[in-house]
Amino acid sequence: MKIFSSWNKLNFMKKEAIWGYLFIMPWIIGFLGLRLGPMIASFFLSFTEYAIISPPKFVGLANYIKMFTSDPAFRDAIRVTLTYAIFAVPVGLSLSLMIAMLLNQKVPGVTVWRTIYYLPSVVSGVAVSMLWVWIFHSQFGLINVGLHAIGIQGPAWLGDPSWALPALIIMSFWSIGGGMVINLAGLQGIPTELYEAASIDGANAWWRFWSVTIPMLSPVLFFNLVMGVIDTFQYFTNAFVMTAGGPGRSTMFYNLYLYQNAFRYYKMGYASALAWVMFLIILVLTLLIFKSSPYWVYYEGFRKR
Amino acid sequence: MDQKKLSRRDFLRLAALATGGMALAQCTPQQTATKQSEATAGPKELTKEEITLRMWHWDSFLGDGYKAVAEKFTQKYPNIKVAIEMTAYGEYSQKVAASIAGGTPPDVAGTIAEHFTNMAGQGQLVELMPYIEATKFDINDFHKGNLSQNSWGGKLLAIPYSADGMWWFYNVDEFKKQGLKTPYEYWKEGNWTWDTAMQLAKQLTSGEGVTKNFGYGGMGTGNYFEVLPAIVANGGSGLFDEKYTACQLTDPKAQAYYEWGYEMRQYAPGPEEQATSNPQSGRVMQWFDWSPMGPIYKPNYPFTFSYAPPPAPPSTKKFVYCGDAPAFGILKGVKHPDESWAYITWINTPESVETIFDITGQEPPRMSVAQDPGLWQRNTKYPDSSIGLELTKHRFKEGFYNTPKVSNFVEMWQAHNEEISLVWVDKQPLKDALNKVNDRINALLKEATVDQDRLYWTSS
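Heads up: the protein sequence lines correspond to chains G and W, in order.
Counting along the first sequence from 1, when you hit position 180 you're at 180 in the working numbering, and nothing is skipped either side.
Counting along the second sequence from 1, when you hit position 114 you're at 1114 in the working numbering, and nothing is skipped either side.
Extracted from the complex, chain G is given alone in its bound form (with noise of 0.2 Å):
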């Protein structure tokens, strides 16, 4: 038959190629009509009015304009968000890297620390979400009761809109389990020799993190906080179940606002715009990262500038 003469024809690369493409076909196919396909979508009906049960209609830019002229419930979702960033992240990243430190030393039960630390960071989504609800409870949450114990009248957390955030943002130590890991795997690949070799130079324990830990353990730190101000943008669950964004807008994260436009509002094109503007600016937050990197980031036998 002439497909197979054809395919005959062909040499060992190609048909390996194309070996190689049939077996990924079902993710791109997957890829396509899953997140490519919404994506080109959304990024059309972020010109339009649309409220999903009727059809769109173009507007051009009117949703653009308003979220940077009149939707100050925009802006507030901004602030909510980059104010948890600017918290959250770096001092996850730090909590998960002291943490990853303390676990990567070789004392009899460290196996059972790594396993209790790691383990919040499986558990996750709405049951957790409820858990912190009690624990930040004013009158008998964990906290409060702490706090009055030595004497200091703790805030209303959820309930007050001056604390509301920074309860959110102490939620998110939390989960350092998976950053935790992924540091402690990068300090164990750090080759004893240099430590050696610093320790014979002189260098205090300071000096040792400073100038061996930290470059060796950059590529680490440069992944996770990349991976860190993508979830901070994306943050949802908490907000929605704790405090539904409230009070007032404390906790109005950007993609809280985003689901409320697109399936409370039912302004569908609207959230489009506001979800095509969250890719923007990831996207141009990552790419500073990246710009960065040079800079900070150490790759062994490799150095771009």
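Any given hint could turn out to be false.
[Claimed, not checked] Computed Cβ-Cβ distance ranges for the label pairs, DEER-style:
hint, chain 1, residue 1, chain 2, residue 2, range
1, W, K1212, G, F87, 57 to 63 Å
2, G, L61, W, K1212, 54 to 60 Å
3, G, I28, W, T1135, 52 to 58 Å
Hints were generated in silico from the structure; no laboratory data involved.
Please read these numbers as outputs of a predicted model, since none were measured by experiment.
All C-beta atoms in this analysis are idealised placements derived from N, C-alpha and C, irrespective of residue type, glycine included.
On the provided structure of chain G, position chain W as indicated by the hints.
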């Protein structure tokens, strides 16, 4: 002859081909549901095909009642089955929207307040008057206020399945224990006002910490957005002016209820306390809720309770009942609109609404049935069913204050909650919050599609 064995590499290639083939097969376009033309009404014979009508709703406590009625419908029309599907209220609207967008709307769609405004405003509900006229459906047995809530642009788009309203529930045991006159008694003597309710709340509040009793359940930031206009109307004003050109929350009369609610806070559980200090705990002595909640409370509450109308403002002494008139409608694009109508009329026959009331306690939408003493006498689901009858008659007489039919009312509600929630935690003065809410609602009103029908209907 040597048989050629299948090598591992060949097996993997065949498996990849098969997987890729299956994945591609899923991409073939599905047969789209036949687009139905706009439903044409008329006394047509129902289909003889075997069909299943899908009825969607959100209140699972009504399930048994509707199943009983559906079974009788199928006994009459053996080829037509009814599948009742319940979805949690918070997800109902999205599910319906997705079904409309996907071309598979339910045959009979429950609708209320925000759902109705969305569906009707987007032109997704079939006009029912041609059906009513063709089948001589007795629409005059339904309260005009409830019908108005389910109309858009002068067209009736859904038939109410309930004429319920909000009641003022109270813990009878605690009132007796303290020797206090009940809200019902105050109402009968013509003295049931906000001031009386606050006095009672003060007297009924006692204790501290985990054993504190609260004289009032509170509205918080308002759990029921449908009742906001009625709340505002309580003061003698309205959320909007008659022409829907402006919000009126800066009117002192409109602010009166909020000022009362703000004072009542001291007798009510705070936002965090509401999880443990709810009426079921027995520590909340008076609270607002919808009348059909009575039968749900009765088996679950460890105390005797009863009910009265919501208190009237002292300035007007006029009682205002919130009404949201939940209903059933027919969405455009359904496959069997005539059968959908047949089912809607079936569940609204006097016999069916009585059956549903007997099983679930859901108040009938038909005035003749809802005000039938015999219906309430034999009902064991409500405590004090004679009072239930009295309140129903009172409500039909006083009228309903409906949820405004404004396309972005959900956004307005969100704006309201954002500002008022700060008042409730003392982070913003009440007047400032109401001014901000007023401005935000006015801005949203400019973008809204509005149905100008009357909001308030008195008498039948």
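Hint-by-hint comparison with the structure:
1. W:K1212 <-> G:F87: 57 to 63 Å: violated (36 Å)
2. G:L61 <-> W:K1212: 54 to 60 Å: Once the Cβ atoms are compared, 55 Å apart, the range 54 to 60 Å for K1212 (chain W) and L61 (chain G) holds.
3. G:I28 <-> W:T1135: 52 to 58 Å: Distance hint for I28 (chain G), T1135 (chain W) holds at roughly 55 Å.
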